[in-house]
Amino acid sequence: MELTDEIRVPAPRDRVYAALNDPEILARCIPGCEELKATGPGEYEAKVVLKIGPVKARFGGVVKLDDTNAPEAFSLTGEGKGGAAGFAKGGADVTLTEDGEETVLRYTAKVEIGGKIAQLGSRLIAGTAKKLSAKFFSCFAEELSQPAAG
Amino acid sequence: MTDQTMTPEERAASLEGMGCRRKRVEDVRFTQGKGNYVDDIKLPGMLFGAFVRSPYAHARVKSINADAAKALPGVVAVLTAEDLAPLGLHWMPTLAGDKQMVLADGKVLFQGQEVAFVVAEDRYTAADAVELVEVEYEELPVVTDPFRALEPDAPVLREDIKDQKEGAHGPRKHHNHIFTWEQGDREATEKVLEEADVVAEEMIYYHRTHPCPLETCGCVASMDKVTGKLTVWGTFQAPHAIRTVVSLISGIAEHNIRIISPDIGGGFGNKVGAYPGYVCSVVASIVTGRPVKWVENRMENLMSTAFARDYWMKGRIAATKDGRITGLWCHVTADHGGFDACADPTKFPAGFFNICTGSYDIPVAYLCVDGVYTNKAPGGVAYRCSFRVTEAAYFIERMIEVLAIELGMDAAELRRINFIRKDQFPYKSALGWEYDSGDYHTAWEKALKAVDYEGLRREQAQRIEEFKAGKTRKLLGIGLSHFTEIVGAGPVKNCDILGLGMFDSCEIRIHPTGSAIARLGTISQGQGHATTFAQILASELGIPASDITVEEGDTDTAPYGLGTYGSRSTPVAGAATAMAARKIRAKAQMIAAYLLEVHDDDVEWDVDRFVVKGNPERFKTMKEIAFAAYNQAIPGLEPGLEAVSYYDPPNMTYPFRAYICVMEIDVDTGEWQVRQFYALDDCGTRINPMIIEGQVHGGLTEALAIAMGQEIAYDEMGNVKTGTLMDFFIPTAWETPNYITDHTVTPSPHHPIGAKGVGESPNVGGVPAFSNAVHDAFRAFGLRQAHMPHDHWRIWQIAENLGLHA
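The listed protein sequences derive, respectively, from chains A and B. When we follow the numbering used here, the leftmost residue of the first sequence carries the number 599, and every step to the right adds one. When we follow the numbering used here, the leftmost residue of the second sequence carries the number 533, and every step to the right adds one.
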């Protein structure tokens, strides 16, 4: 499954990139995130509760950040396991483009899912994934529209 | 006496015997919700089992940690392969001569494979505990494509047999190869193909689907530690075979095992095999000393217990310029999934697929089937068909259509000129079968006339003109199908399952007051056996059908039989019923002669009595004879009136049918609508026309499902994409058309009552009729072959690829 989208964030690029590296902001914005902690440079461990159709499960996973070209571009890879509910793994390529005082964030994510969540039919999963990413970015944009000190 | 006033015809009618549209006696309980299914069984102290299943299609199992699950209050046990290994039960034999993991032994081979079995006080606790079992997997490369599986560098799926060069059905030529099965004359067929005027070649795919019975598979196992007797209630289509298999793999003596099939909510082949759930429930009951129930949910049913089809069929058909078929060549790549658990008679690893010459007089033919392992669920059962017969029917009925295109001929005419003629029966087919009887031309002419075939073709031609002129966006398809089935397995000389000959049985006891009980080795799953077998007995014994109880499914009381599938109940157990009844009648004749004080030869049978020849006023009814059998000392005769028959059929039976489907197709949306469906069935002697019509309606509706949308689809990771009824198509009243049923009667010459079996014919013949209608709608625009299922999206794609949306 591939997801692409483009979001305009009302903050300069450096602040956007910094926020994307801030476990606290991420934990607040990732839907269903119960725990997110940095385990090393560019490495996070997360616990997320996901509900897709009739399946609700706690996923435990790791995310790695490749910041070679940051802040213009960076990529994420990760995988999560939800026990009987299944598993997910994937990656995202993100670019941050400055546009005056704002930043345009574009991402292409590739997600592979398996187990019960995959069996529920790709239509349901694609819709849910789109909804979740939209939720994340709208929360993220809102976080950044607060004054810098906040 | 009152019945002296009745004519013989009236007396016969009052029996409600063969030919009577008798209402189903089963429906009294079913329509009131009073059926007794496996999940209705509740025993004191009963525990519930549930499986931890693999989310991966191919992975190594690194570790299983059940501590948290075991700590959950209400959890009694968690079984893994390690627990079953000391008993030798972590693997079990399959019906196809392979073996299958009961619980994952080091690796998993398909998504949904059983990894651990949780046993708890109630179903909810079991489900919660399943979530708490931590399994560590290491992913392995997944192969879902059987052609990829046979490439030299394909991952090894079955590590347990990777160096084994010989399988249950001969040599294996690759680590993912199961068997090669060849039939017919290859050399002669290839010579005919080389020299033929016309050769049509096509790859026909019959996709993977699933029987999906309304009731899923399940069982209740109860080990009585005092008596040492194991009782298992389950959704078993073959209870006696299950008893023998349980005895062989568990080591429990067969007399200490009682298998009971209660009411079964549809089987369609899904309930023929032995599943890990049965083994685990039995083990759990032995370990805990308490009854254990296991019942699948719908997702488990669709992703783990027996699928059907998944045949890639490459065909070449040769003909003269004027359409006489001269030869047929076929190679099948059969995707069997992770274990070979097909339910076929032992000597037939591809079932009766060699019936693929169909209704046609084809002088030479060659067939080769290669079975292949992939990372998909095991199975390969006969979903409402005799073993692999629906695949064969679809193959030949598509090849005929492709040949008609190649020849530029009308497909109905091409069929007609190639049918086996009535005077050719018994007909020996090029692939080895002896067709018992048939009259294809009469049936075909009747069908074409009934739908006004010529008129339909004229309407279709006009529609095409209107479409081209932009006046309509709907096309008309006329789907033809004429197929000969092979059912009633089967003669013990060549048909067995795990060494058990495929005879069947009936035991009859006539009570002193003239009513009766009959027990059979088969088991109804909705076919209405209690109704129809009583009708056979009514006609044979002169006892009203309503005075006869038919009982099946309890191995402690019923005579041994191989069960119900492959339309074998009427051809085999129905024959046993008639033969047992005739034994009773022979004894009844002696009793009557004694009572009437005449010689045995001086009485003759008359509907429900023996009469003195030439003196019909002197007679003894079956009722009187029954009473005498129990209260008179008759010289030279034992008391009582009972008989049993084990019937080994001399041949299969070969029912046939002519189906025509008229379908409207919307080119822009891919939507279809069946405007008319005409179904002519010839199943030989008709026992209960109403039940036959019901069977035809049901079978056609399942055929509609398969042809038009139903599939078990996998993605590249081996995820089952159609694991719920949201994605797995089951037609509702909305999609289901009105069927017109019709019949001809060509009795089987070797069956005691001439019956051939009907339950599965409509599915076998229906699939090509629906699919051919879709193909036919687009024939004028150049369509040759489009794989099923023909859902709206795929039909839209056909139109798109043909440039009809421009």
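Bear in mind the hints are in silico, worked out from the structure with no lab data behind them. What you are looking at is a predicted structure, and each value in this text was computed from that prediction instead of being measured. Among these hints, one or two may not hold up.
[Said to hold, decoys possible] A few chain A residues that face chain B, going by a derived Cβ cut-off under 7 angstroms, partial list only:
| id | residue |
| --- | --- |
| 1 | 658 |
| 2 | 684 |
| 3 | 685 |
| 4 | 712 |
| 5 | 713 |
| 6 | 716 |
| 7 | 717 |
| 8 | 739 |
[Unchecked claim] Derived EDC-like pairs: lysine to aspartate or glutamate, alpha-carbon spacing no greater than 20 angstroms straight-line:
| id | chain 1 | residue 1 | chain 2 | residue 2 |
| --- | --- | --- | --- | --- |
| 9 | A | 687 | B | 854 |
| 10 | B | 960 | B | 942 |
| 11 | A | 687 | B | 668 |
| 12 | A | 687 | B | 666 |
[As the list claims (entries may be wrong)] Simulated DEER-style distance windows between Cβ atoms:
| id | chain 1 | residue 1 | chain 2 | residue 2 | range |
| --- | --- | --- | --- | --- | --- |
| 13 | B | 746 | A | 708 | 37 to 47 angstroms |
| 14 | A | 645 | B | 759 | 31 to 41 angstroms |
| 15 | B | 606 | A | 621 | 33 to 43 angstroms |
We put the CB at the ideal spot given by N, CA and C, even for glycine.
Going down the list of hints, with the structure as the test:
Annotation: residue 658 of chain A was flagged as interfacial toward chain B, and the flag is violated, the nearest CB pair being 11 angstroms apart, outside 7 angstroms. Annotation: residue 684 of chain A was flagged as interfacial toward chain B, and the flag holds, the nearest CB pair being 4 angstroms apart, inside 7 angstroms. The interface hint given for residue 685 of chain A holds, since its Cβ lies 6 angstroms from the closest Cβ of chain B, which is under the 7 angstroms cut-off. Given hint, residue 712 of chain A at the interface with chain B, holds; its Cβ is 5 angstroms from that chain's nearest Cβ, closer than 7 angstroms.
Against a cut-off of 7 angstroms between C-beta atoms, the interface hint on residue 713 of chain A holds, since the closest Cβ of chain B lies about 3 angstroms away. Taken as an interface hint, residue 716 of chain A checks out: its beta carbon lies about 4 angstroms from the nearest beta carbon of chain B, inside 7 angstroms. Nearest Cβ of chain B to the Cβ of residue 717 of chain A: about 4 angstroms, under the 7 angstroms cut. The hint holds. With its C-beta approaching chain B no nearer than about 33 angstroms, residue 739 of chain A sits outside the 7 angstroms limit, and its interface hint is violated.
About 59 angstroms separates the Cα atoms of residue 687 of chain A and residue 854 of chain B, which puts this hinted pair outside 20 angstroms; it is violated. Restraint check for residue 960 of chain B and residue 942 of chain B: the C-alpha separation of about 27 angstroms exceeds 20 angstroms, so the hint is violated. Proximity of residue 687 of chain A to residue 668 of chain B is assessed by CA-CA distance (about 16 angstroms); at most 20 angstroms being required, the pair is judged to hold. Using a Cα cut-off of 20 angstroms, the hinted pair residue 687 of chain A and residue 666 of chain B holds, with the two alpha carbons roughly 19 angstroms apart.
Under the hint 37 to 47 angstroms, the C-beta atoms of residue 746 of chain B and residue 708 of chain A, about 39 angstroms apart, fit the expected range. At roughly 52 angstroms, the beta carbons of residue 645 of chain A and residue 759 of chain B sit outside the given window of 31 to 41 angstroms. Hint check: residue 606 of chain B to residue 621 of chain A, Cβ distance near 38 angstroms, so the stated range 33 to 43 angstroms holds.
Violated hints, in rising order: 1, 8, 9, 10 and 14; the structure is consistent with all others.
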